[in-house]
Structure formats: C-alpha cells, structure tokens
Amino acid sequence: MTQWSGYLGLILQGALVTIELTLMGSVLALIMAFLAGMGRVSRFFIVRALATTYIEFFRGTSIFVQLFWAYFVLPFAGLSLTPLQAGVLALGLNVGAYAAEVVRGAILSVGREQYEACTALNLGRWQGMRHVILPQALLVMLPTFGNNAIELLKATSVVSLISLADLTFQAQVVRSQTGSTLMPFLSVLIIYFALALIISWGVRTLERRMARGLDGVRV
Amino acid sequence: MPAPIIKVDAISKSFGAFKVLDGLSMQVMPGEKLALIGPSGSGKTTILRILMTLEKIDGGHIQVDGEQLYHMERNGQLLPADERHLAKMRQKIGMVFQLFNLFPHKCVMDNVTLAPMLTKGTPRAAAEKRAMELLDMVGLADKAKSMPAQLSGGQKQRVAIARALALSPKIMLFDEVTSALDPELVEEVLNVMRKLAAETDMTMLLVTHEMGFAHDFADRVLFFDRGRIVEEGKPDEIFRHPKQERTQGFLKKIIAAGHRV
Amino acid sequence: MPAPIIKVDAISKSFGAFKVLDGLSMQVMPGEKLALIGPSGSGKTTILRILMTLEKIDGGHIQVDGEQLYHMERNGQLLPADERHLAKMRQKIGMVFQLFNLFPHKCVMDNVTLAPMLTKGTPRAAAEKRAMELLDMVGLADKAKSMPAQLSGGQKQRVAIARALALSPKIMLFDEVTSALDPELVEEVLNVMRKLAAETDMTMLLVTHEMGFAHDFADRVLFFDRGRIVEEGKPDEIFRHPKQERTQGFLKKIIAAGHRV
Amino acid sequence: SGAQSADDAKLEQLKQQGFARVAIANEPPYTAVAADGKVSGAAPDVAREIFKRLGVNDIVASISEYGAMIPGLQAGRFDVVTAGLFMKPERCAAVAYSEPVLCDAEAMLVKKGNPKGFKSYEDIAKDASATVGAPGGGTEEKLALNAGVPRDRVIVVPDGQSGLKMVQDGRIDAYSLPVLSINDLMKKANDPNLEVIAPVQGAPVYCDGAAFKKGDEALRDAYDVELAKMKKSGEFAKIIEPYGFSAKAAMSTTRDKLCAAK
Amino acid sequence: MAWDWDFVREIMPTLIQGVKITILATILGSILAAIVGLGIALARRSENRFVSRSVGWFAEFIRGTPLLVQLYFIFYVLPDIGILLPPLVAGVIGLGLHYGTYTAEVYRAGIDNVPRGQWEAAKACNLNGRHTWTHIILPQAIPPMIPALANYFIAMFKETPLLSAITVLELMNQAKSVANTYYRYIEPMTLVGAFFLVISLCSVVLLRWLEHRYGRIER
Ligand SMILES: Nc1ncnc2c1ncn2[C@@H]1O[C@H](COP(=O)(O)OP(=O)(O)OP(=O)(O)O)[C@@H](O)[C@H]1O
Ligand SMILES: Nc1ncnc2c1ncn2[C@@H]1O[C@H](COP(=O)(O)OP(=O)(O)OP(=O)(O)O)[C@@H](O)[C@H]1O
Ligand SMILES: [Mg+2]
Ligand SMILES: [Mg+2]
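If you're matching them up, the sequences are chains A, B, C, D and E in order.
Under our numbering, think of the first position of the first sequence as 1, with each following residue one higher.
Under our numbering, think of the first position of the second sequence as 220, with each following residue one higher.
Under our numbering, think of the first position of the third sequence as 481, with each following residue one higher.
Under our numbering, think of the first position of the fourth sequence as 742, with each following residue one higher.
Under our numbering, think of the first position of the fifth sequence as 1004, with each following residue one higher.
Keep in mind that the hints are not guaranteed to be accurate.
[As the list claims (entries may be wrong)] Here are the simulated EDC-like cross-link-like pairs (lysine to aspartate or glutamate), alpha carbons at most 20 Å apart as the crow flies:
#1 D:K853 / D:D910
#2 D:K860 / D:E790
#3 C:K586 / E:E1013
#4 B:K339 / A:E116
#5 D:K852 / E:E1123
#6 B:K325 / A:E207
#7 B:K238 / B:E251
#8 C:K568 / E:E1013
#9 C:K536 / E:D1083
#10 B:K275 / A:E116
#11 B:K325 / A:E151
#12 D:K853 / E:E1063
#13 D:K756 / D:D777
#14 B:K325 / A:E113
#15 D:K929 / E:D1083
#16 C:K600 / E:E1123
#17 E:K1023 / D:D910
#18 D:K829 / D:E976
#19 D:K883 / E:E1013
#20 C:K650 / E:E1013
#21 C:K536 / E:E1013
#22 B:K275 / A:E113
#23 B:K307 / A:E56
#24 D:K853 / D:D786
#25 B:K311 / A:E207
Hints are computed from structural coordinates only; laboratory data are not their basis.
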C-alpha cells in the first residue's frame, strides 16, 4: 500500500475542488438569494413574477437536470462553460432559490412597525431596507443559511457526474486505479463531514458575533 | 389670521367593509397643540397614520403646509401623489408611536442620527451634535451608546421622541405614547412633552387616554366617535362642560375607571 | 385516631440555586379538605406537583396511604422508587391543573375514559358508563361528544375534574383551578367542587387565591410563605384571627385587592 | 474553401493555446491515473505524442463518463476523445474518427467456472434470468442489446470497479468490457473466484480512434497524417504494446472498413 | 441540434418507465424516512446519555455528508460485510436514512411543541411511557408537522436521480441511457426537467392543501 499516500493526495486535490465549488457556489447563491428574495417582496409585479419564476423553476427541477442542462445543453445556445463554471452556476442558482425563500421569510419576519418607523422618518424604501430591515433580517437568516451552505457542500458531489474532479469523483478514480472501495469512500465521507462541521461552527460563531448586544431583536 | 397648517377636507377611509373615517374634516393652526380623544376604535390612530402617510385615503383631500398631501398639482390637474411627492411632504411631519418602534440593532445615537444623515445628507458630525442636544433635552445624554434593549420603556419612548425631532418636522404626531408604559414611567415622558410644548412652536397632534395631560397640554380638544368629530373646543369646555351626550358618557366612564381629568 | 393519609417529612426542593421548599413537613388526615394559601412563589404549586410526582424531591420523605412515595422498602432498606412503584402510587392521587390540560385531540368522553381503559384495563362500556355518571355530576352529560376546543374555560375545567375522578383516586389535588377562568365562569367550577366535598370522603388538597371559597370548603388551612408553613388552623382562626404577622399582611393585601374572604 | 480555413484555424488555435483538451475514460489500460495524478495509458500517450508533432505541446486530459463523451465533444467541451470509444457506424455518423488506434476484442467477467456457461451475448439473451453489466452508452451495452438481451437485463454500470464488484457480489452474472480492461481489473482484484471469458464469441474486434467533432475534419486529417507516420516508423507500437495492445491489429484495418461494418 | 418531436414521441415510453421507478423510490423512501426520523427523534430524547449522544452524532454525520457517497457506500461497501442489497432497496435505504435525519428534526420540533401540561396531565392520569407517546404526544405532534414532512419528501423526489449511480433505472438513468444510445441529449434532459417541474408544481399544490388541513391544532 505504498501508493495509498499518493492517492490520498488525489483525494485532497478533489477536496480542494469541492471547497472551491462550495465557496463560489455559496457566493453566487447568496447573491441570487438576496436578489430573488427581495424581488419577491418588491412592489413591482414584473420583479415579483421574475423572482417567483426563478425560485419555483430552480426548486422545482432537480439539481441534476440543472447541472446537465448547464453542461450539455447550454453550449448549443452558444454558452459554453467549463465544468467548474457549470457546476458553480447550477449549484449557486439551485441553492440560491432555496435561500431566496429564507431571505423573503426573514424580511417578512421584521415587524410592520419597523417599516412604519422608516416611513415616519422619511427613509426611502431602499434606505429602510438597507439600514433597518436587512440588518435585522440577517440575523434571522443566518442559521438557515448555514444549513443551505451544507446542502450546497453535499450537492457538489453530484458535479462528479459532469466529470468535475471533485472529492467524490476522485474517490471513484482512486477506486478504479487501486481496486479498493472502502478506503476512498470512507475517507471522502470523513472529509465531507469535517467540512460540514467547519461550516456550522463558522455560522454559529458569526451568529454569536452579530447577535451581540442585540437581545430583543428576535422573538 | 394665518392659514391653517393642516386642512383635512371630507376624507373617508375604510378597512374592508368597515368605514373607519366618514367624511372627516378638520383644521389645525400652525403652532397649535391639539388633543384627540374618544373611545377605542373611533379612528384617532387612523387619522394620525393617514397624516403620516402610513395609510392611504379613499376619498377627500388633505393639505399640509399649503400643499396637497395625497395629490400633486400638475398643469392645473390634481393627480395622485407619487413617492417623490410623498417623501417631500413627509419632511414636514414626524410621528411617535405607542410601541416606540426603535431600531433594535442600532444604538440610541444611531437611532437618532440615521434619518438626518440618510434623508438630508447631514454630515455625521453635525448629526451627532444635534442628536446630543436632543438626547440632552429628553434627559438621555448619558445613554447615547446604549442599545434599545438596555433601556426602560420610558427611556425608549424618550429616544423615539428625540429621533422624530431630529428631522425638525413642523408637525409632530403622538399616538398614545404613554399607554404601553408602566405607570411609574409615564410621567418622565409626559414631562418631556410638556417641555417640548413650552419651548417650541411646533404644531402637535396628540392622541391620548390621559385626560389630565390632554387638559393641561392642549389648546384645543377634538372628541372622536365612530370616525367623526362629535365635539371640539377648549379643554375646559370639553372636560368640564361637554355639550354632547356621547362626550359626557365617555368622560364619565373614564373617570369611573380612575383616570384623573 | 386514624393514621394520616399523607405524611410529608422534612422535604426540601431547589430549582438551581433557589430553595423552594425548605424542610417542609405536614400531615393530612383521610377525608380531610385542606386549603393551601400564601403569596405567589411560596411553593404551594410545588408541593402539589411533588405529591403528583411531577417534580422530584431533593431530600426528606413522603408517605402516602401508608407507603413511601419516592422510596421503596426492599429487604428493610429504603431505595429510590422505580417507575413501577411510582405508577402504583399515582393510582392513589389525581390532580386538576390551573390550565385544565385536557387532551385537545380527544373528545370529552375520550378524555375521561382514556386513563381507566389504559391503566386499569376497564372495558370501554364500563368506562363510558362511569364517565357519563361523572360528566353528569359535573353537569356536562350533554357535552360528551364535544371537543375541548368547543368548550368554555369553566366547562373545560369541569371535564378535567371528571377526568381526574375517573381513576377514583383517594386524594385529589387542585391547583388554582379557577384562576384562569373568566370571573363569570368561576362559580360553576366551585359548585362542582362543593358538591364533591359534600358527597365524597376523598382527601382533597386545594391551592387557591379564592379566600372565600377556601373558607367555606376547607377543614383546615395552611398558610405558606417562602417554602415553609408559617401558620395553620381552622379557616375561622386563620381568616378571622391570624396570629402571624405575615398571614395578617397577606390577608390584608388580598382584601385590599377586592377579594372576598 | 471557407470551411477548410476554419478548420485550419482550429489547429492554429490549439497551437496558440498550447494544449488540446482530451476526454479520457476512467478505465485502465486505455487510460491510467498514477498516484501523483499524472495521466497515462495507451490512448492519452498516443494522443500526446501526435499533438506534440502537430505543434501542440501538451494535452489536458479530463476523465469523463462514457455517456458524457460524445455530447461533450459536440458541446465543444473537448477537442478530441481518446478513450477506447470503438468505431461503429452510428458513432461514425456522430463524430469524425481518425484512423484506428487501439484494437481489442470483447470479454466478459464471470464467476469462476462460468456457472451459466456464457460464450456469447446471445447466450445471455437466451437465459431469462441472466443479467449483464456494461458501461452506459458503451459498445458492450449495444452488443448485448443487439444480441436480444432485453433492456432490463442490461445493467448500466458506472465504472469497471463497480462492475467487478457487482460480479463478485452476484448482482450481475457477467460484466462485459474489452479484453484488456477486464484483464487489468482482474489483475487488481486478484480474486480466484472470478474468471474471464475472452474473446466473446460473435463479437467483432473493435478498434477505437481519436474522435473529433464533426466539422473538425481538417484537424482530424492532420492527426491521421502523423498517426500514419508513427505507425510506419514503429513508434506507435512502442507506445501501445507495453499496455498490451496490438499495433498489428490497428494497422490491418481502416476507418472506412470499421465505419461501414454492419 | 434542433428539437425533434418525433424523437420525443419515441423515447416517451422509456422515460415513463423511469418515472414509475422514481415515484416508487420516493414513496418507499418517504415511508422509511418517516419511520427512521421518528426513531432518531425518540432516541435523541432517550434518558440514556450514550444512546442519545451516539444517535445524535450518527444523525449529524449522515446529514453532513452527501447522499451520493452514502449510496456508493451502501451499494458497494456493505457487501464486503455480507450485506447485499438489490439496487432499489439500497437506494430506498439510502434515501430513507438520509432524509430520516431531516425528518427527525421535524419530529423534534413537533414533539417540543406539545405543551408541557400534556405530559403532566398524562402522568396525572397515570399513563405509562408508551401510552403517553402513542395516545397523547404523537397524535398531537404529528398532524402539525405533516406539511414540513411533505416538504422533505418533495426534496427527496428531486434527489432520486442519484440512484442512477447505483444502477437503479429511474428517470434520470433512463434518460441518460436513451441519450447515449442516440447521442442526443437535449430532448431527454429537457423532458426529465419537465417531468420534475410538473410533479413538483403539483406537489406544491398538495403541500398548500396539507398546510391548510393540518397546519394547526385547536386547543
Ligand atoms: N389595518 C387595519 N385593518 C382592519 N381594520 C383596522 C385596521 N386598522 C384599524 N382598523 C380598525 O379601524 C378602527 C379604528 O381604529 P383606530 O386604531 O383608528 O382606533 P383608535 O381610535 O385609535 O382606537 P384605540 O383608542 O383603541 O387606539 C378600529 O375598529 C380598528 O379595528
Ligand atoms: N421548573 C422551575 N424552574 C425554576 N424555578 C421554578 C420552577 N417551578 C417553580 N419555580 C420557582 O419556585 C418558586 C415556587 O413556585 P410555586 O409555583 O410553587 O409557587 P406558588 O406558591 O404556586 O405561587 P403562585 O401563587 O404564583 O402559583 C417560584 O419562585 C417559582 O419561580
Ligand atoms: Mg389608537
Ligand atoms: Mg402556583
């Protein structure tokens, strides 16, 4: 088993790809979540309709279909993406649709009286959103965002199906090359779990930070 | 005689099938201190919220400081007001709520400076200087860095008053600003309002169940019932010699419940 | 003289660092009607909950009907009671809660028959017959098929009493059974309890703030303060001629608040 | 012509970027990934050498599922597929093949002693309880289907190792891959309870070629020129024979023959 | 490559075969997840620290790692210890276990939402533990959580394509196989997406109805 350490290197390379995908996907998801989540509470019908369509479409179809679409069908429309881009696009848009509902829920969870205080102080809609509503809503969103990020991390495993050399894919490669099944799968399970723990720890830390001195914002 | 600063002309307002205001008209003079009293559900809060543009009206007209509130004149025509017109009109009006509605994620100072900095572009230094003056006025200069959650109800309400004043509105609306407070905290808020009434020539509209305070504070009292003004007059007239039966009944009940008039 | 049915011996109970009961002892005779009164937080609810085994004790002993409640005797040694022993002891005791705690997903009849059928294996027909008698007793025979959500508070509480009686306990515990009710519904529940006291020889322990009812109902009154029994005696002694200063102060406050004694 | 110059442009573009994107399969010995992650194996080694001669310094290989290769090529994700994708008329219609590169017969992996006595795909079709595993979209899947094995008895297996495992576990009765692939699997598994049937009767010897996108024929032609030179000089044999492939087999047939075969 | 309706008509029967398997896997997986989740939720409340802790970590682990890898594990590694499962069974177990950790959270919330007074009343009625659970707590806890459970079952439905990795011929696998046979990806993948979207949209309607029907319990 002299080669095992070498193959472990391969798996770690896969872990890097997985981390990269998770980070970039999360950024895209976050952007989409805010765009669509706030779009859902817009007063313009068109914006609301667009946001709703986006959310329902991406929540309604499976991440696989989206991935295969982004990878195999988009090129026929002239948009050819690298596997990494396709992966980030599909994952970000998919998880973003779920997170958009979190954003919307959190925005609605801020009491009506806060909106009225904004009006009474003559803040514009965007100003009120930016300085009063979102900072309070953010704290409500954060724990669920953490869960969304873990979902995204797990979803990266399906990009192996479009041949992106992520953790799961490398496990498959190592399995083919070494003939060992248990070792590669067990080690990637452990790595995924460690990454998930890091995410939830990070979110909890962030939450504590943000909640400081804010007792009474929630409930 | 100067022109009225608020001119409410036959406005009506319904929630669903329920008519809250029914052809209500009233006028307020610049600098006047007005108390709105009346039974629960009579529409007192609603008229304040309408003036603050938190509710829309179904019919009628309102003029504030010489301009239409819910309409704009364009080429001699009256059109529904757009957001820009409303924002302009809101500069003239401030409101203090029953439940304070402070921003819980911002410290006292930021609560007071936020609106001037955002809506008027006041530089931070100037906004904070003015905020300190106002906090000093309401007796909370030492709480500038506190978070709302750390304040008592009375303190919160005084911050809310300072926050509304920071925009220097010509008209201030107060909706039962003491009714959510523990009894021992009511007085500190009323004191601030007395001071305000004495020191400024702001127009003030006050909805309250504190009849004693309304008596001392107001130049004129309006008695509301079922979305209409049933009686109005100087505090002494209304409280000592109400003409209408409804007013008499209302005051009798209030006194029975132990309120001082 | 018969042996006491409840013998509480120097029990103590803390919640965290807060000592609620502090070496409390008391005895209750079979058939006795006992009222527990005292200021809020004095531990009245806690002692009932301990008797019902809803809380554990930290120290001391309790004997119910000749047997240890929280301990079992095995080969002359006292061991902590196991669940089987507790279940056996609970057969002797029933409890009615301040907030009724009816099972909301079951109709009135099922609320009353559930426990006899499950714990004693009573056949459905027998359980329902007995339930109808009990519901009749509390004046709710016509509501047998109603769901709890369709009942008024007073009706709910009467069902709760019937439910507790269905297990034919020797001891009934009542914790402020009327304090969550609208004033006009209090009397119907008290009537049921009066009837119960008159018609059965059940031992009854009653926590209440209704001093008038406690006076009429109880054979003996215990006055609690800070987890101790400060004074006890016949209702007339306690209510008319309290000896302790604490008791006097408490009753004075209660009377000032408008309660009838 | 315009198309010609566009094709030339393709090679120019590859030269400029300095590498060609190559799809390979996760299937030794056609391809192999060393412990350090370096890609080798017969197919990529040949492609690397030819591209070098064409002035494209390197290849960037990405491992892909069989099923994803042709769509990937059509979608422009790869410039060429060198993965043991055997030439067959339908495929020749979908892609532009080079001349043959690696040839191999079909084999089946079964339990020791070949308990069901398979010799051909037809044998599997006849036994109503027999199942056969094959890569999705691969040659073996089609051979089995064409031999009359119903769809629900042809199990699509994601990769060789899975196929081996499924035979070991008795989930499938046979797993079919090219001979050399099966041999490699056997070598790694080192399992005395397995047996290889090679070649499968009635199954032709297939050869793969480098597959290009339709429209990249000029690049393909340039590739063919270099391939022919290498075959002649013996360098071709030197590259593929260590992996167990026969250079003679590749040189004894042509694309036109294979693409026309029924 | 243009859209080809004839091709669509030709592959439709195959895809519908796949849809059947997909739905079957979802239903079986949902049933298992409902049971597993209840088991985990009860075990986590166990007085036995060891049981509650280890079940807690196990559930965290399952929830923090990708279903795809878990499926590989169940299908390819478990036979090494003598557990040989047919593909569909392995898939259903994977789905049930994975989503069981989610439904466990739903159960936990549902159980916590039963007021303490109900536990106490049960005790005062001298009901034993089993009777308390079956007659008092669960009947009150479960109806309000039906919408949340249904939500996860819809999510599970969208993850069934993963089963293709362990040779289950569900919708996605059929589509891939069709695509590989004809070298056409656009139609099968788009149809798969359409199937998912239609079924998801229908289930959203069902969900709204469930929320309406079971959302609250009158007290
Ligand atoms: N958003 C709303 N939707 C429906 N009805 C409303 C709404 N706001 C107010 N109402 C109704 O309008 C009526 C008048 O309300 P308003 O708050 O103006 O009364 P009020 O005079 O301020 O009474 P109170 O002294 O109780 O505050 C009430 O019957 C109230 O229920
Ligand atoms: N579960 C608990 N955790 C912590 N403290 C508790 C708990 N239950 C009761 N306490 C505290 O124990 C003290 C005694 O409570 P108990 O309910 O027995 O008082 P009580 O005499 O019934 O008062 P009341 O008349 O208000 O019902 C109170 O201070 C209460 O806050
Ligand atoms: Mg009001
Ligand atoms: Mg109590």
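Verification of the supplied hints:
Of the pairs offered as hints, the one joining K853 of chain D and D910 of chain D holds, with about 13 Å between alpha carbons and a cut-off of 20 Å not exceeded. Our distance criterion of 20 Å between C-alpha atoms is broken by K860 of chain D and E790 of chain D, whose separation comes to about 38 Å. At most 20 Å may separate the alpha-carbon atoms for a hinted pair to count; K586 of chain C and E1013 of chain E exceed this at roughly 55 Å. The suggested pairing of K339 of chain B with E116 of chain A holds, with an alpha-carbon distance near 19 Å, which does not exceed 20 Å.
Distance restraint check for K852 of chain D and E1123 of chain E: the Cα-Cα separation of roughly 63 Å exceeds the 20 Å cut-off, and the hinted pair is therefore not satisfied. Our distance criterion of 20 Å between C-alpha atoms is met by K325 of chain B and E207 of chain A, whose separation comes to about 17 Å. In summary, the hint linking K238 of chain B to E251 of chain B is not supported, as the alpha carbons are separated by about 28 Å, beyond the 20 Å threshold. For the suggested pair K568 of chain C and E1013 of chain E, the alpha carbons sit about 72 Å apart, so the restraint of at most 20 Å is broken.
Proximity of K536 of chain C to D1083 of chain E is assessed by CA-CA distance (about 50 Å); at most 20 Å being required, the pair is judged violated. Restraint check: the Cα-Cα separation between K275 of chain B and E116 of chain A comes to about 13 Å, which is no more than 20 Å; the hinted pair holds. For the hint linking K325 of chain B to E151 of chain A, the alpha-carbon distance of about 33 Å lies beyond 20 Å, and the restraint is violated. With a C-alpha separation of about 42 Å, the suggested pairing of K853 of chain D with E1063 of chain E is violated against the 20 Å cut-off.
Between K756 of chain D and D777 of chain D the alpha-carbon distance is near 27 Å, which puts this suggested pair outside the 20 Å criterion. The suggested pairing of K325 of chain B with E113 of chain A holds, with an alpha-carbon distance near 16 Å, which does not exceed 20 Å. The hinted pair formed by K929 of chain D and D1083 of chain E meets the criterion: a straight-line CA distance of about 17 Å does not exceed 20 Å. A distance of roughly 19 Å separates the Cα atoms of K600 of chain C and E1123 of chain E; the hinted pair therefore holds under the 20 Å criterion.
Between K1023 of chain E and D910 of chain D, the direct Cα distance comes to roughly 27 Å. Violation of the 20 Å bound is thereby established for this hinted pair. With a C-alpha separation of about 26 Å, the suggested pairing of K829 of chain D with E976 of chain D is violated against the 20 Å cut-off. Between K883 of chain D and E1013 of chain E, the direct Cα distance comes to roughly 18 Å. Compliance with the 20 Å bound is thereby established for this hinted pair. Proximity of K650 of chain C to E1013 of chain E is assessed by CA-CA distance (about 79 Å); at most 20 Å being required, the pair is judged violated.
As the CA atoms of K536 of chain C and E1013 of chain E are separated by approximately 72 Å, the hinted pair breaks the 20 Å bound. Under the criterion of a C-alpha separation no larger than 20 Å, the hint pairing K275 of chain B with E113 of chain A is consistent with the structure, at around 16 Å. Under the criterion of a C-alpha separation no larger than 20 Å, the hint pairing K307 of chain B with E56 of chain A is inconsistent with the structure, at around 39 Å. This hinted pair does not check out: K853 of chain D and D786 of chain D have alpha carbons roughly 34 Å apart, beyond 20 Å.
As the CA atoms of K311 of chain B and E207 of chain A are separated by approximately 39 Å, the hinted pair breaks the 20 Å bound.
The structure fails hints 2, 3, 5, 7, 8, 9, 11, 12, 13, 17, 18, 20, 21, 23, 24, 25 (numbered hints given earlier, in ascending order).
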